[in-house]
Amino acid sequence: MTDATTKTPAAGRTAGKNVGAIDTRKYFGTYDHRTLRVKDDHLRRVLAGQDLLLFDGAMGTQLQARGLAAGEVPELLCLTNPQQITQIHQAYVQAGSEVVTTNTFGASAPKLGDAATVEEVFSAAVACAKASGAHYVAADIGPTGSLLEPMGTLPFDDAYELFAQQVRAADAAGADLFIIETMADLAEAKAAVLAAKECSDLPIFCTMTFDEDGRTFLGTTPEVAAKTLSSLGANVVGINCSLGPKDVAPLVRRMLPWSSVPVMAQANAGLPHVEDGVTLYDIKPAEYCEAVRDMLDAGVTVIGGCCGTTPAYIAGERDLLAGRTPVARDVCRDFAVTSSQRLVSLPAGHVGVIGERINPTGKRRMKEALRSGNYDYVMQEAISQTDAGAQVLDVNAGLPEIDESATLRRLMADLQGVTNLPLQVDSAVPATIEAAVRSYPGKPIINSTNGKQETMDAVIPIAAHYGCALVALTIDEKGIPQTAEGRLEVARRIVAATDAAGIPRQDVVVDCLCMAASTDQSAPRAILDGITLVKRELPGVRTVLGVSNISFGLPFRPLVNATFLAAAFAAGLDLCIINPCQQRMMDVVNSWRVLSGEDQSAQAYVAGYAGRSDAAPATDAAAAGAAAAATPAAGASAQGQGEPAPAADDPVAQARAMVLAGRKGPMPALMHDILATHDVLFAINDVLIPALDEVGVRFEKGTFFLPQLMASAEAAKAGFNTIKEVNDASGVEVASKGAVAVCTVKGDIHDIGKNIVKMLLENYGYNVIDLGRDVEPQVVVDTVVREHLQVVGLSALMTATVPAMADTIALLREQAPWCKVIVGGAVLNPEYAKMVGADYYAKDAAESARIVGEILDQ
Amino acid sequence: MPVAPTLTSYQIEDVDRGEVLRYLGYRDQEVTPELDARLDAAIASCLAIGHARASIAVYDVAGREELPDGTPQVTLADTALTLVGKSMQRHMAGARKVGVFAVTIGMGVERELKRLSLTDHLGQVLFDAAATTMVERAADAAEATLVGMAAREGLYTNFRFSPGYGDMPMQTQPVLLDALDARRRLGITLSPTLLMTPTKSVTAVVGMFDAPQPSTHASCADCFCRAFCNLRATTGRTCHD
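Here the protein sequences come in this chain order: A and X. Mapping to the UniProt record's numbering: the first sequence position 675 is 675, numbers consecutive. Mapping to the UniProt record's numbering: the second sequence position 78 is 78, numbers consecutive.
It is worth saying that the hints were derived from the structure and are not from the lab. Careful: at least some of the hints might be erroneous.
Claimed, not checked - The calculated lysine to aspartate or glutamate pairs, modelled on EDC-like cross-linking and capped at a C-alpha distance of 16 Å, are: (1) A/K717 x A/E762; (2) A/K284 x A/D247; (3) A/K724 x A/D376; (4) A/K535 x A/E489; (5) A/K701 x X/D28; (6) A/K717 x X/D120; (7) A/K246 x A/D276; (8) A/K701 x X/E30; (9) A/K246 x A/E287.
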């Protein structure tokens with residue numbers, strides 16, 4: 001191929017936003033056999049880890065030493081003073097640099113503004129680099145300077161487009177390779193690597209920068225960076241900038257076992273200090289090279305320098321490399337997946353737990369949570385599974401009545417906020433899978449492909465392209481085979497295809513599929529033998545099993561599940577998909593780890609089970625907590641409020657007192673007491689709501705301040721949750737008082753005010769659809785239209801984001817004119833509210849609740 | 001000759017509980033022991049997660065001029081940063097040098113805020129107030145560093161002034177952060193609406209003068225920089241001597 005801009009799926013898209021539209025089948029087999037355009041044999045050997053390579057040192061500090069003013073845009077010098085840039089490159093070439101790095105670190109469209117185009121700067125920069133006589137020209141690509149979603153506001157696809165523009169410009173200008181560097185955000189690094197991979201066929205070098213604590217600013221570890229980026233398709237991974245080389249050395253050592261590609265290091269010359277008006281770096285070339293020698297000895301094969309380094313440092317490194325050859329190193333072949341903050345690996349013989357709870361199938365409350373857009377329940381499930389010992393969380397949003405793809409992406413973004421476990425993307429729709437894994441900052445598991453040709457053709461290329469692990473179900477066009485051998489045959493066909501696509505064996509996880517023992521008692525044996533056969537006949541692959549189907553139709557199912565899980569471990573099972581909050585299942589896992597030797601000296605087992613016996617059975621932490629909290633300290637309960645304590649035998653008075661005191665602990669027990677003698681409506685309308693009204697009055701008068709209002713809302717919510725649980729058990733529906741959507745507007749990430757309003761509205765019995773923060777106007781409108789909402793609440797904290805509020809309201813007026821709009825937030829006032837076209841201004845959360853009542857209770 | 005900005009870390013071991021309560025709108029309400037305990041826990045958690053770091057530079061005032069539209073601006077030597085507007089004209093009137101800093105308590109705090117926003121709304125409010133107090137404390141520390149730098153050259157400072165206040169434009173942020181290399185060194189990013197993330201970050205400028213200013217501290221007793229001041233220890237004098 002000669003035209004680098006037309007041969008990739010991304011290039012075929014107009015704006016890069018319509019991820020779901022990619023027809024991955026077309027690209028079967030091309031992803032991991034990405035044919036690189038490599039300039040010469042030496043570079044080819046470097047990429048194979050067979051040769052060493054020397055980059056250059058700093059550009060920025062060299063320019064400052066030549067008088068570049070602080071805060072000036074250095075990339076523009078490629079156009080205004082190309083001789084100076086070429087001179088710096090030349091000095092490095094003379095010192096021994098084989099690669100020079102273009103002066104394009106910040107050359108992205110938003111940073112250049114009107115001063116020049118990305119294409120102009122890359123064209124001039126590559127020309128400057130070539131003019132130096134360097135052997136290779138590396139096109140430098142730095143971070144965008146904006147923070148990506150979900151922590152920031154820049155969408156992944158927008159970051160991708162910025163990088164794609166740079167990649168195309170650099171390729172067209174004649175660069176030999178890309179150096180994506182100084183990345184702190186794994187999602188951003190992933191966007192850049194994907195842009196390079198999809199818009200060019202030049203080799204990709206990618207480095208991240210780490211802090212003293214061994215993590216990037218966003219919390220990524222060297223192991224996670226190495227595993228994720230090398231799986232994704234970076235040809236060389238490593239560390240740059242950060243600290244001095246002595247501090248970088250141990251971090252780069254941590255990368256080495258997890259990178260299947262060569263590893264590079266470009267450290268700073270330590271920290272700068274100013275002496276007599278001159279900036280000096282505290283590590284001199286000799287000391288610098290000592291540390292680099294250690295890194296070479298450990299297996300690093302590509303070196304250079306970052307901030308503060310000069311041609312003198314590079315000359316020292318050139319001498320280091322003279323006569324050297326790469327040091328052999330071992331790359332770990334364990335099953336390993338990552339989130340942005342955590343690598344989870346499974347050495348041979350170890351077993352792992354995948355939490356199954358985030359899946360609506362057969363779960364009423366999960367269904368309701370996904371349908372209503374109230375994800376609090378999902379987040380709680382994630383946290384409790386994490387606490388219970390899950391190592392990966394399965395995420396499934398497959399409900400026919402919701403937008404599965406959008407819901408899955410939102411859930412995955414939110415889940416990263418509450419758990420650092422890697423995720424397993426669970427969907428039957430290939431486009432949904434691709435959209436989810438593409439922007440996921442880490443290496444996820446895809447659940448799943450199966451033996452059907454059509455499914456394999458669609459899903460396997462996605463796993464290969466994005467470097468994911470892949471669950472392979474032993475089912476094909478003919479259904480689930482009855483026998484172990486039949487399952488092996490399906491697995492064999494899938495693994496042949498994953499081998500061909502270049503997916504490493506340890507990333508393929510075969511699921512022999514559980515069938516009910518009650519309908520076919522030969523099924524358990526076939527499954528267990530299947531696991532053993534697959535592991536023997538397809539060396540390197542791993543196995544996984546969702547076990548609970550085995551007990552379908554039988555009484556006391558958990559017992560059967562646990563027994564079967566133990567048998568499956570004995571048969572060679574590596575990963576189980578279970579509910580880790582069921583103590584019985586985790587008991588099997590924990591005890592098996594002793595029997596298999598995974599739990600060395602049974603340390604974890606002894607620590608967790610020393611006090612346990614059948615006489616003193618499992619202490620479910622949640623139950624214990626609830627039990628402790630269920631004893632309301634009646635005397636002390638309302639103290640601090642200057643009120644007499646209610647009688648201990650009057651649960652109604654006590655519940656009211658607890659809400660006023662903001663004490664949620666005793667609420668579940670009190671509500672149970674109340675519901676024993678009263679109906680649900682009484683509990684809501686005569687207990688909780690009057691208490692909340694009193695809270696509102698006190699807040700209004702200033703006898704309560706905000707945290708007290710919120711503590712009361714928490715206590716009331718605990719009461720409502722109990723009512724819900726009791727109701728769920730009895731099958732009675734409590735009618736919602738109506739639905740309302742809330743969000744913080746586009747461009748604003750301050751969600752505190754919105755969260756307070758949400759809390760209060762939920763308390764008053766409204767179904768609150770929380771659209772989150774930094775929300776596109778169209779998303780608000782679509783929700784209002786889809787749910788036929790009568791009212792929506794918009795929040796903005798900053799003056800800068802008030803226009804976004806006006807845009808949202810304008811769009812609502814156009815497409816959903818029936819909907820009333822309430823606005824609030826720090827910068828808002830009645831005049832502003834009028835100016836942006838809102839129907840109501842709410843000065844605080846209590847007033848929001850009153851206004852919503854006015855609108856909906858009419 | 002331009003010099004690289006100074007990178008500094010500060011140990012912040014406590015924050016003023018009363019100030020945290022003020023951010024929460026507290027006016028002598030009677031608070032339950034539970035709420036008190038949660039506030040203490042939020043403050044402790046913030047101090048444990050937060051890591052105060054600053055990038056600091058001092059530039060000579062190069063000139064004072066008017067933009068074509070008549071807006072005054074103060075230009076500085078060796079940097080593309082200029083101080084635009086009437087507020088800066090007043091704040092820097094007579095200044096010889098300008099100290100500039102960016103300070104943040106880090107992305108860890110931001111991550112915790114995000115976690116709390118998904119799990120514990122009251123916890124988020126309490127933690128946010130603690131974090132705001134902590135970053136202001138960090139800004140006190142950065143200001144103290146500048147007071148010391150000025151004093152060593154025989155200069156006196158006024159007080160810190162941040163973009164977005166008075167008529168000092170938010171558009172100052174990108175150049176200011178670039179001059180301090182704050183994106184790379186501190187991990188501070190800017191949204192298209194010029195908001196910083198981590199949100200618990202402060203940028204500011206401080207004037208440095210030949211003579212004490214009305215706002216220069218007259219005594220150490222009530223100085224907010226006191227905990228971070230090493231001037232007397234290193235030079236034997238105070239900033240107002």
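* Could you check the structure against the hints above and give me the numbers of any it violates, in ascending order? => 7
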